[in-house]
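All chains should be modelled from the sequences, with the hints used to inform the complete structure.
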Amino acid sequence: MPILDGALKVGLDHYLYLSAVLFVLGMIGVMMRRNVVVILMCIELMLNAVNISFVAFSRYAENVNGQVMVFFVMTIAAAEAAVGLALAVTVFKKFREVNIRFFEHLKG
Amino acid sequence: MNPTTPMDFVTLKDMLSIAPMAVMFLISMIPLLMKPLLGNRELNPKTVLLYNVGAVIVAAFMTTTIFGPSFGGKSTAFANAIVIDGITVWMSYLVYLVTGVPLMLAYDHVATRGRQFTEFAFLMMSSAIGMLILIMSNDLIVTFIGIETMSLCLYILVAMSKEQVLSKEAAFKYFVLGSFASAIMLYGVALLYGTVGTTYYPDIWVGVTKMITTNRMFLTGIVLVILGFAFKVSIFPLHAWTPDVYQGASTPVTAFMSTAVKAATFVSFLRFMNSEGYAQAPQLLTVMTWLAVLTMTIGNVAAIMQSNFKRVLAYSSVSNSGYAMVGLIAAGFGANYNGAATSVLFYLFSYTLMTLGSFGLVALFEKNENTSLEVTDLRGMGRKYPWLGMALTVLMLSLAGIPPTLGFFGKFFVFSAAIEQDMYWLAFWGVINSVISVYFYLRPIVVMYMSEDKEAEVLPMHILTRGAVILAAVAVVVLGLLSSPVYALVKKSVVNLF
Numbered sequence: 001m002p003i004l005d006g007a008l009k010v011g012l013d014h015y016l017y018l019s020a021v022l023f024v025l026g027m028i029g030v031m032m033r034r035n036v037v038v039i040l041m042c043i044e045l046m047l048n049a050v051n052i053s054f055v056a057f058s059r060y061a062e063n064v065n066g067q068v069m070v071f072f073v074m075t076i077a078a079a080e081a082a083v084g085l086a087l088a089v090t091v092f093k094k095f096r097e098v099n100i101r102f103f104e105h106l107k108g
Numbered sequence: 001m002n003p004t005t006p007m008d009f010v011t012l013k014d015m016l017s018i019a020p021m022a023v024m025f026l027i028s029m030i031p032l033l034m035k036p037l038l039g040n041r042e043l044n045p046k047t048v049l050l051y052n053v054g055a056v057i058v059a060a061f062m063t064t065t066i067f068g069p070s071f072g073g074k075s076t077a078f079a080n081a082i083v084i085d086g087i088t089v090w091m092s093y094l095v096y097l098v099t100g101v102p103l104m105l106a107y108d109h110v111a112t113r114g115r116q117f118t119e120f121a122f123l124m125m126s127s128a129i130g131m132l133i134l135i136m137s138n139d140l141i142v143t144f145i146g147i148e149t150m151s152l153c154l155y156i157l158v159a160m161s162k163e164q165v166l167s168k169e170a171a172f173k174y175f176v177l178g179s180f181a182s183a184i185m186l187y188g189v190a191l192l193y194g195t196v197g198t199t200y201y202p203d204i205w206v207g208v209t210k211m212i213t214t215n216r217m218f219l220t221g222i223v224l225v226i227l228g229f230a231f232k233v234s235i236f237p238l239h240a241w242t243p244d245v246y247q248g249a250s251t252p253v254t255a256f257m258s259t260a261v262k263a264a265t266f267v268s269f270l271r272f273m274n275s276e277g278y279a280q281a282p283q284l285l286t287v288m289t290w291l292a293v294l295t296m297t298i299g300n301v302a303a304i305m306q307s308n309f310k311r312v313l314a315y316s317s318v319s320n321s322g323y324a325m326v327g328l329i330a331a332g333f334g335a336n337y338n339g340a341a342t343s344v345l346f347y348l349f350s351y352t353l354m355t356l357g358s359f360g361l362v363a364l365f366e367k368n369e370n371t372s373l374e375v376t377d378l379r380g381m382g383r384k385y386p387w388l389g390m391a392l393t394v395l396m397l398s399l400a401g402i403p404p405t406l407g408f409f410g411k412f413f414v415f416s417a418a419i420e421q422d423m424y425w426l427a428f429w430g431v432i433n434s435v436i437s438v439y440f441y442l443r444p445i446v447v448m449y450m451s452e453d454k455e456a457e458v459l460p461m462h463i464l465t466r467g468a469v470i471l472a473a474v475a476v477v478v479l480g481l482l483s484s485p486v487y488a489l490v491k492k493s494v495v496n497l498f
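The listed protein sequences derive, respectively, from chains V and A. Sequential numbering from 1 applies to the first sequence in the numbering used here. Sequential numbering from 1 applies to the second sequence in the numbering used here.
FYI, nobody ran anything at the bench for these hints, they're computed from the structure. Bear in mind the structure is a predicted one, so any value in this text is a computation, not a measurement. Keep in mind that the hints are not guaranteed to be accurate.
[To be verified] Calculated from the model, a selection of chain A residues having no Cβ within reach of chain V, i.e. all distances over 10 Å:
1) 104
2) 189
3) 212
4) 365
5) 366
6) 393
7) 403
8) 428
9) 432
10) 474
11) 477
[To be verified] So the derived list for chain A, only partly shown, Cβ under 7 Å to chain V, looks like this:
12) 148
13) 159
14) 162
15) 165
16) 169
17) 172
18) 179
19) 183
20) 187
21) 193
22) 387
Note that CB positions come from ideal geometry on N, CA and C, so glycine has one too.
Structure (structure tokens):
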């Protein structure tokens, strides 16, 4: 059954599609959601989607560099989450809610 | 991270190449460690300033001594991940300048001096270290780490103003959009890694020559990485954060962001574009040309409509990115990379001096952290403060590109680099935009000298800020008059070492 073979055998393409879908979901989330914490989660989702591509490329090209890069990206994602949550706390202190609908002071 | 060279142990040369930034980091740690050891009492701001400016000066001195002739021209370190060449050395000096001066502005400024100046100064130094990584990186993943180190510190710096509403909003906007752009750039890096096999710049350039017309995935990667750079230097579709963040941040931080971040990112962008292969993709050239044209035009037209002086300068910084992009396109898609790259570097120098001086002047006018300086608030200043009025006049004329100043020569070299590559369309729009921009650059001068309604307010006696403003104005005139020897000097270092 050649059709089933193509569907069941997981190759590089499948990982790349998964990564692209997760990345786009993260992008949509950042653009559509109003809650600060959900936006942060969506940014993490985007970074981790990229990690899937790195690992998949690294595995299929048999080149270990990509997996080393994932460690760097994970470190940076952690730092980014720390900074983002700290900012969310200051936003909460000021507006008593973590929502971006209060952001209307800067425009023009 | 070139797989063909075996990973050696870290050599002495590797350590020497990063010695300036290591020393800068270690010295800037001292005040941060002293604070908890002395019972979490805020240190005297003067001590903090002395340590940090001292660190910058020591690093500049080390750059001069280490990267002298004995270092042996262009070389790479850490298994080719970083490269030391003329551009690195030149831009290091620029980063030292634009870190030291905003630190002094922050020392004087009411919104940043106070309870957390120790942390503030440390974050500014860390951000500068990110920039130093960025300008010497020779590998996409190192570039990404440099950009993130620089930006993560900046997000906190923007939020650290004493002002409570605008700065928090600006910081969060900058954080969300900045992380979004970084993630997009990282996806581009992943696609380039997948198609080329490494992230090392020379391999990417070879890949550009081979694959840019044939491999869709590679082209997508290139476009996503360019988008990431474009966000950081506020190129048109990704420029919307610039005025908001520049207005919301405290003025010393704005001075730092608008000069250092832009210059460092542009240099990295310039390195990325160093391949003859880009000329095979005319559709990419068309898109980037239109982005440059729209960036210039939108920046200038929007600046005309602003009344807040910081927003005027923010939109001016957007349009200046457009001018620098003209040189960048000439470098990436033209035949003469070195010539056009020199013009971009020279332009970045001139832009940095002018913008630093202008924001220094804005900082002088802010009596408390909630002041927002309107252009009309400058009334009568020209007569009351003749020196500062003169300095602002010179800086504005230079930004507008009036002949004997540095700003004119910066634009002149960039546009002539474009004309040399037969990109008349870009040069044409550049010149048209310079004419449009004269209107809003001259308005502060007119307000300052010609309107008599109100007596100007008393400005604080901030000796460091005043000194920086006047020195910037003097440098703009003197370097403008000496522009051809300076240009020759920049060119020599670019050609010899690139």
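- Which of the stated hints cannot be reconciled with the structure, identified by number in ascending sequence? Those not satisfied are hints 2, 14 and 22.
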